[in-house]
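Participant: With these hints in hand, go ahead and build the complete structure from the sequences.
Number of protein chains: 2
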Amino acid sequence: MTKDGGRQDKKAQQYGVTPQSTDFNDWYNEVVKKADLADNSPVAGAMVVRPYGSALWENIVRWLDTRFKATGHESLIFPTLIPMGFITKEADHVEGFAPELFTVSKIGTEELAEPYVMRPTSETIIGHMWAGWLNSYRDLPFLHYQWGSVFRAELRTKAFLRTSEFFWHEGHTAHADEQEARAEVRQQLDLYHEFCRDVLALPVVRGEKTASERFAGAVATYSIEGMMRDGKALQSGTSHYLGQNFSRAFDVKFQTREQKEEYAHTTSWAISSRIIGAIIMTHGDDFGLIMPPRIAPIQVVVIPVGRKDNFDQMVEEGERLAAELRAQGLRVKVDKRDGVTNGFKYNDWELKGVPVRIELGPRDLEAGVVVVKNRHSDEKETLGRAEAVAGMAARLDGIHDWLLARATDFMLSHTLTADDYGTFRQAIEDGNWVRAHHCGQPECEKAIKDDTKATARNVPLDDAEFFAEKDSGPCVRCGGPGAYDKRVMFGRQY
Amino acid sequence: MTKDGGRQDKKAQQYGVTPQSTDFNDWYNEVVKKADLADNSPVAGAMVVRPYGSALWENIVRWLDTRFKATGHESLIFPTLIPMGFITKEADHVEGFAPELFTVSKIGTEELAEPYVMRPTSETIIGHMWAGWLNSYRDLPFLHYQWGSVFRAELRTKAFLRTSEFFWHEGHTAHADEQEARAEVRQQLDLYHEFCRDVLALPVVRGEKTASERFAGAVATYSIEGMMRDGKALQSGTSHYLGQNFSRAFDVKFQTREQKEEYAHTTSWAISSRIIGAIIMTHGDDFGLIMPPRIAPIQVVVIPVGRKDNFDQMVEEGERLAAELRAQGLRVKVDKRDGVTNGFKYNDWELKGVPVRIELGPRDLEAGVVVVKNRHSDEKETLGRAEAVAGMAARLDGIHDWLLARATDFMLSHTLTADDYGTFRQAIEDGNWVRAHHCGQPECEKAIKDDTKATARNVPLDDAEFFAEKDSGPCVRCGGPGAYDKRVMFGRQY
Numbered sequence: 024m025t026k027d028g029g030r031q032d033k034k035a036q037q038y039g040v041t042p043q044s045t046d047f048n049d050w051y052n053e054v055v056k057k058a059d060l061a062d063n064s065p066v067a068g069a070m071v072v073r074p075y076g077s078a079l080w081e082n083i084v085r086w087l088d089t090r091f092k093a094t095g096h097e098s099l100i101f102p103t104l105i106p107m108g109f110i111t112k113e114a115d116h117v118e119g120f121a122p123e124l125f126t127v128s129k130i131g132t133e134e135l136a137e138p139y140v141m142r143p144t145s146e147t148i149i150g151h152m153w154a155g156w157l158n159s160y161r162d163l164p165f166l167h168y169q170w171g172s173v174f175r176a177e178l179r180t181k182a183f184l185r186t187s188e189f190f191w192h193e194g195h196t197a198h199a200d201e202q203e204a205r206a207e208v209r210q211q212l213d214l215y216h217e218f219c220r221d222v223l224a225l226p227v228v229r230g231e232k233t234a235s236e237r238f239a240g241a242v243a244t245y246s247i248e249g250m251m252r253d254g255k256a257l258q259s260g261t262s263h264y265l266g267q268n269f270s271r272a273f274d275v276k277f278q279t280r281e282q283k284e285e286y287a288h289t290t291s292w293a294i295s296s297r298i299i300g301a302i303i304m305t306h307g308d309d310f311g312l313i314m315p316p317r318i319a320p321i322q323v324v325v326i327p328v329g330r331k332d333n334f335d336q337m338v339e340e341g342e343r344l345a346a347e348l349r350a351q352g353l354r355v356k357v358d359k360r361d362g363v364t365n366g367f368k369y370n371d372w373e374l375k376g377v378p379v380r381i382e383l384g385p386r387d388l389e390a391g392v393v394v395v396k397n398r399h400s401d402e403k404e405t406l407g408r409a410e411a412v413a414g415m416a417a418r419l420d421g422i423h424d425w426l427l428a429r430a431t432d433f434m435l436s437h438t439l440t441a442d443d444y445g446t447f448r449q450a451i452e453d454g455n456w457v458r459a460h461h462c463g464q465p466e467c468e469k470a471i472k473d474d475t476k477a478t479a480r481n482v483p484l485d486d487a488e489f490f491a492e493k494d495s496g497p498c499v500r501c502g503g504p505g506a507y508d509k510r511v512m513f514g515r516q517y
Numbered sequence: 024m025t026k027d028g029g030r031q032d033k034k035a036q037q038y039g040v041t042p043q044s045t046d047f048n049d050w051y052n053e054v055v056k057k058a059d060l061a062d063n064s065p066v067a068g069a070m071v072v073r074p075y076g077s078a079l080w081e082n083i084v085r086w087l088d089t090r091f092k093a094t095g096h097e098s099l100i101f102p103t104l105i106p107m108g109f110i111t112k113e114a115d116h117v118e119g120f121a122p123e124l125f126t127v128s129k130i131g132t133e134e135l136a137e138p139y140v141m142r143p144t145s146e147t148i149i150g151h152m153w154a155g156w157l158n159s160y161r162d163l164p165f166l167h168y169q170w171g172s173v174f175r176a177e178l179r180t181k182a183f184l185r186t187s188e189f190f191w192h193e194g195h196t197a198h199a200d201e202q203e204a205r206a207e208v209r210q211q212l213d214l215y216h217e218f219c220r221d222v223l224a225l226p227v228v229r230g231e232k233t234a235s236e237r238f239a240g241a242v243a244t245y246s247i248e249g250m251m252r253d254g255k256a257l258q259s260g261t262s263h264y265l266g267q268n269f270s271r272a273f274d275v276k277f278q279t280r281e282q283k284e285e286y287a288h289t290t291s292w293a294i295s296s297r298i299i300g301a302i303i304m305t306h307g308d309d310f311g312l313i314m315p316p317r318i319a320p321i322q323v324v325v326i327p328v329g330r331k332d333n334f335d336q337m338v339e340e341g342e343r344l345a346a347e348l349r350a351q352g353l354r355v356k357v358d359k360r361d362g363v364t365n366g367f368k369y370n371d372w373e374l375k376g377v378p379v380r381i382e383l384g385p386r387d388l389e390a391g392v393v394v395v396k397n398r399h400s401d402e403k404e405t406l407g408r409a410e411a412v413a414g415m416a417a418r419l420d421g422i423h424d425w426l427l428a429r430a431t432d433f434m435l436s437h438t439l440t441a442d443d444y445g446t447f448r449q450a451i452e453d454g455n456w457v458r459a460h461h462c463g464q465p466e467c468e469k470a471i472k473d474d475t476k477a478t479a480r481n482v483p484l485d486d487a488e489f490f491a492e493k494d495s496g497p498c499v500r501c502g503g504p505g506a507y508d509k510r511v512m513f514g515r516q517y
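The listed protein sequences derive, respectively, from chains A and B.
Positions 24 to 517 (the working numbering) are the ones given, in order, by the first sequence.
Positions 24 to 517 (the working numbering) are the ones given, in order, by the second sequence.
By construction, these hints were calculated from the structure, which means they are not laboratory data.
Keep in mind that a hint or two might mislead.
Chain copies aren't distinguished; within one or between two, either way the pair holds.
As a list, the in silico DSS-like pairs of lysine-lysine whose alpha-carbon atoms are at most 30 Å apart [unchecked claim]: (1) K255 with K472; (2) K181 with K469; (3) K112 with K331; (4) K472 with K57; (5) K57 with K283; (6) K112 with K129.
Remember, it's a predicted structure, so these values are computed and weren't measured experimentally.
Facilitator: Shown next as structure tokens:
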């Protein structure tokens, strides 16, 4: 095993990014741009997603979409615009979204008497449509979702994390009773958890939001929360039980089996393009991105290492190797660029986080070997060509496990418990999550937030993978009686 | 073979639609709604696409997307909004789109000094981004596309055909020279032609638009035109050579191999959700839709025909049959609804245009047979169960061929030639396309349009499948010299 010379390449240095420890924010912005994930746009608060970022998003969409369909959900396409009057129908909803709305007040040359808003979320217009489609309990459940953009004004924007336009699916379902609706809410939350853990290698905490952190108009909001490498939390997906709030506002009612009239129980749930931010900030390091292998746009990059007189031959051999890997269903790229050094290529693909690199040179070819390097490791391995090909799927699984374990260790070692407010404050200040008892009063949560910038991320579920132990005690800040049967997870957040 | 009793079913009559010959427009609107393709929305000019319509659109997206990627195109995601100032940079472009724009003048509580528009198409913002990404000829070509919604005000709206918000891909490419750009334009036009003919069973005429019908800002616009069953034309896809018009407006330039500065040659191309309108109006009949089998969301519907005491068993047998068909990669639905008659089900799936129906009853089961009916035929066939399963893929291909042949016959028999204006007017009035010589003067084209409502659809290409014969003669209206080496295709249009 040899050290990776490419990292010392001069040209590559120009390609480098600010170390995470120097400035995590700069690191993030530089990685997004230099790895060709996204670029700033001339539209305030909106980004342009470039091909590498778009390919990542497409993989995310495909995995989730397949699973939604497998559990009987159907896609629909609702308008991007919503009549302003709809937003104001559900009282909490308008309070939550009014400050963020994009208003369309002119179409062609016509000034509109009632303006439209660009959807911040679609509960209202979907409720309106459901009212027309729903007659009997036989029509239920409605298991609907759509993929698309939503629009919420953001003052300080950051690619993927906070953009005025972002991309998501929004799931919307309607059920005959509360029990079935709550089961749906939980099923989707669990799906998100599975997706994060088993596909993205992201450990996340499943829990219920406190009242202050609920979705505008929900009876109960559940979230998955992940920890970024600066210790902040990122809410990575949400699932809401909306009770009959939107049904009452939009008259979504049906005749029950017993011939009574009843309002439907509805849910909504979403994962957005923020999840790309979570991937970047959970797995990335000072060399750039590390793409979790099961979602990576490119899983293996093959670098033909030749000189002028044999470069074409090496490219050909590289393509042959790539074809064998592709035959296993792997996503493989051969870097055929000339005019850039091998070191430049190594660093470029490390920056882009491709999980495995294979170098193939004339002497390797002769010896029947290839040089293999995992993105997260400093070491190169020289392997028999056939062995490298045959072991690639297992290698990628190993990288997945390594990433998940590293992220889990990081999260656990940066999550403390506190029973007094001094310890709490300091632990937050030091960049940790803190598990603490809380009285559940919104004013007390607000006081903590104003003081420490930390918010209640969620209260872990009984069967959450992390932090689920039952426990009780007085509120860490005000000393009032604890409101939950567990410690609440607090942290600063994106 | 027996006649289809279902069509006489009383309950089904309530489900019927206005015959095409009575009112084609009513027929269309009723089919769209009753087949659950789309519904009206509370947003002026916008529709809601329901699950059956969305599944059709997803199949269209998947086929095209795979082909775009196979020829090296990369997807990106650009913002939905465009600064108003961008639209005005290309003179023809603003003239074309200004009357149709959706204006956003307020975000949150902030009134914008410069408003945004919701994209009517994205040449301008893409040009702006390209200017930042393009340096050298080595960076070219850019082969980009995005899927999304666009927004153009429509006064008289009609689901899929004319909606203020519609869905499409827009392809945008930039090249180092005109020849390569024109080859791209042609490649994508040919792909659209292949998609229409070989997947949607739609015969279309490939040709170049006259100057009056060009895309706003294009040097040359090519289209595929299909004939609907009322004799009108539907422009089903377009591909534009934009020359250096947008490059100059947005400063998209690069250093050539010879170290000179040069503007890129750009193209754009699109198929939109209108294509669903083309499918409906080319293949549908008085019983409803006929879905072309290769794109149909459901290719085969299995109807278990049982009574109370054996319905569950028939459903089970139906699922078994469906599983065997699905194992061939076919999209199959088993209609398990109880509480509706078999006749109702037959009519419901005929309305929805499912290409093949299989009925499975207890006596069929005993005899080892099933009853098979093609959507477009009145006849039922009783076939051995194994034979029906084994022959299903070939049956679907046969239905594709039948649909394409029927549509081609219809188009050819409703396309006349005219060498004098009286014949021309009458042929248009009778609901035909007319092939005629034309002087190429925009004023003369406008006079024809004002008089007959017919426009120049396109001038067929030399290797178009239809109407490509070279021919010359004086203008059918003004007698001036013919401007093209072929007859121009005129018709009324959607």
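Participant: Does each hint hold? Answer for all of them.
Facilitator: Quick rundown of the hints versus the structure:
Taking the shortest Cα distances, K255 and K472 sit within 30 Å of each other inside one copy (14 Å), while across copies they are farther apart (64 Å). In this homomeric assembly, K181 and K469 come within 30 Å of each other (Cα to Cα) only inside a single copy, at 25 Å, whereas the closest approach across copies is 50 Å. When the C-alpha separation of K112 and K331 is checked against a cutoff of 30 Å, the pair qualifies neither within a copy, at 70 Å, nor between copies, at 46 Å. Taking the closest pair of Cα atoms, K472 and K57 never come within 30 Å of each other, the shortest separation being 34 Å inside a single copy and 53 Å across copies.
With identical chains, the CA atoms of K57 and K283 are at most 30 Å apart between copies only, with a shortest distance of 27 Å across copies and 60 Å within one. In this homomeric assembly, K112 and K129 come within 30 Å of each other (Cα to Cα) both inside a single copy, at 23 Å, and across copies, at 21 Å.
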